[in-house]
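Please put together the full structure from these sequences, using the hints given.
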Amino acid sequence: MLEFFRRHRGAFLITLTIIIIISFSVWGGWRTDAGYEKKALPTDHALTVFGKEYTIADVQRANTSLQIAQFYMQAYELPSMLMMLSSDGGFGGGGLDRLVNLFIARHLMDELGIRASDDEARAALEKLPSLQENGKFEITRAQRLEELANSQGFESKDLLGIMKDTIGLQKLQEIVTESYTASPLAAEKQYASSNHTFKGSKIVFETETFKKTATVTDDEIKKYYEENKENYKTVEKRAVSYVVFENPKDLDKKPLEERQKAQNEQVQRVNTFNDLTMKQKKSFQEAAKQTGAKVETLAAFSQAEPPEALKAEGSLVEMIFARAKDSKTPAEAVEGTNGWYVFEVTKVEEPKQQELAEVKDKIKEVLIGQKADEARSKAVNEARTALNEGLKAGKKIEDLVKDKKLTLEALPDIDVGAPPQEVPNAFLIAREAGQTAPGSVSKAVDYDKGTLLIYVSAKELRKRPDGADRRQSQAESLSQQERMSLFQAWFKKKHDEAKVVNKLAASS
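The sequence shown maps to residues 155 to 662 in the numbering used here.
What the hints contain is simulated information worked out from the structure, not anything from laboratory work. Among the hints, a few may not be true.
As the list claims (entries may be wrong) - Pair by pair, the computed Cβ-Cβ distance ranges are: (1) 478 to 197: 48 to 58 Å; (2) 202 to 630: 56 to 66 Å; (3) 567 to 373: 29 to 39 Å; (4) 298 to 472: 50 to 60 Å; (5) 536 to 382: 24 to 34 Å.
Glycine is no exception: its CB is placed at the ideal position from the N, C-alpha and C atoms.
Spelled out as structure tokens, the structure:
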């Protein structure tokens with residue numbers, strides 16, 4: 155079970171984090187019949203599970219334990235498992251559902267006599283990666299964890315309690331599913347599906363081929379322009395003046411004292427320039443003259459196409475275009491690759507609507523692309539249908555392809571579990587071919603230049619050196635997945651038997 159959660163930890167943690175943040179935002183109070191807010195008390199009744207009442211304090215403490223497990227201990231299995239046991243599969247609903255699952259699990263552990271000893275819990279705690287250093291338990295990390303837990307009102311015994319819940323849930327699942335193993339036939343089918351080698355050929359439908367026969371009328375171009383006019387405007391451009399206080403040269407060759415002096419002088423010049431423009435309200439030109447800086451001017455340019463002088467200064471260009479157009483405050487210095495820059499925007503060219511004549515060629519290219527895509531998609535669908543019908547009728551693929559005026563290109567043998575990198579689009583081809591029966595044509599495989607159809611002539615499960623290990627690994631993985639499904643189904647029945655009453659939902 156732990157291995158299952160390690161593989162899927164990323165998705166669980168994203169969801170868990172969101173849940174923990176929002177779960178208890180409504181617990182500060184609820185609306186009474188009189189229409190005003192009443193402050194909820196820790197002793198107020200929150201939940202009833204298997205006839206046992208839990209207070210708001212009980213529920214909040216359970217929530218804190220999951221927070222500590224995730225954020226402080228990095229013990230992800232317990233909160234992840236409780237998510238998976240939710241009726242929605244763990245990726246929706248409210249965070250309270252996870253806490254209800256914890257109370258149900260604790261009840262079932264007591265009912266079945268499942269106990270985790272202090273020694274078991276301590277051993278599991280010491281094996282947590284967050285408490286390891288160089289593969290060994292590190293006491294100082296454990297002490298830090300204890301301090302963090304204390305800040306949340308938890309003690310050492312409470313940390314052991316979290317591990318006991320984790321171990322107990324593991325044992326609970328083992329009791330329910332221990333006799334189950336995946337069908338050897340199902341495991342072998344899964345192994346064969348993901349490790350076979352297929353022989354086949356491809357039929358290529360390149361977009362460029364269909365572009366050559368696509369035609370676009372002036373009326374179509376005009377109609378498209380009128381419908382998408384807002385997308386055809388010139389880009390904003392800005393002209394600037396700037397000064398650059400260059401970085402001192404050959405700093406690495408100078409003694410430490412000279413290096414610091416040169417850097418301090420550079421910083422002082424930048425600060426002086428800023429003081430002149432910001433505090434003394436001097437103009438950009440006056441500040442440059444007083445600091446001995448050379449003013450450079452650049453004609454209007456777009457953010458996407460900066461002039462040669464600024465091509466290496468991405469941060470500066472970004473700041474130039476991020477500056478508010480009506481700002482009266484002098485811009486602050488920006489650090490670049492060559493030094494510190496100070497600029498002023500001298501002109502802004504607003505985006506302007508482009509006339510049809512200016513964008514006609516662009517629109518024509520768009521429409522030709524659309525028509526080519528439509529024609530290609532139609533041709534692919536028609537070809538696949540005709541080829542598969544012909545193959546079912548007992549015809550040879552070579553004759554069918556020739557009749558449809560298509561080209562069949564041989565593919566090298568491809569291992570679907572490890573597609574060869576030297577074969578273009580091998581991963582896409584293997585993924586679709588793996589789901590295609592021998593003697594038939596695959597679904598469309600789209601790639602950057604068009605679409606492929608794959609004819610699978612044969613599949614073969616070849617012997618490989620690591621075959622036994624792979625079979626065992628996949629059989630174990632399949633068993634884990636199916637055990638989890640069985641446990642979820644069993645737990646859902648127990649959830650129904652728990653007759654949960656949520657007083658919080660009724661009061662919100």
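Taking the hints in turn, this is what the structure says about them:
1. The beta-carbon spacing between residue 478 and residue 197, approximately 54 Å, falls within the hinted interval of 48 to 58 Å.
2. At about 40 Å, the CB distance of residue 202 to residue 630 disagrees with the hint of 56 to 66 Å.
3. Separated by about 52 Å at the C-beta atoms, residue 567 and residue 373 break the suggested range of 29 to 39 Å.
4. One distance hint, 50 to 60 Å for the beta-carbon pair residue 298 and residue 472, is violated here, with the actual separation near 40 Å.
5. Remark: the range hint 24 to 34 Å for residue 536 to residue 382 is upheld by a beta-carbon distance near 30 Å.
The structure does not agree with the numbered hints 2, 3, 4 stated previously, though it agrees with the rest.
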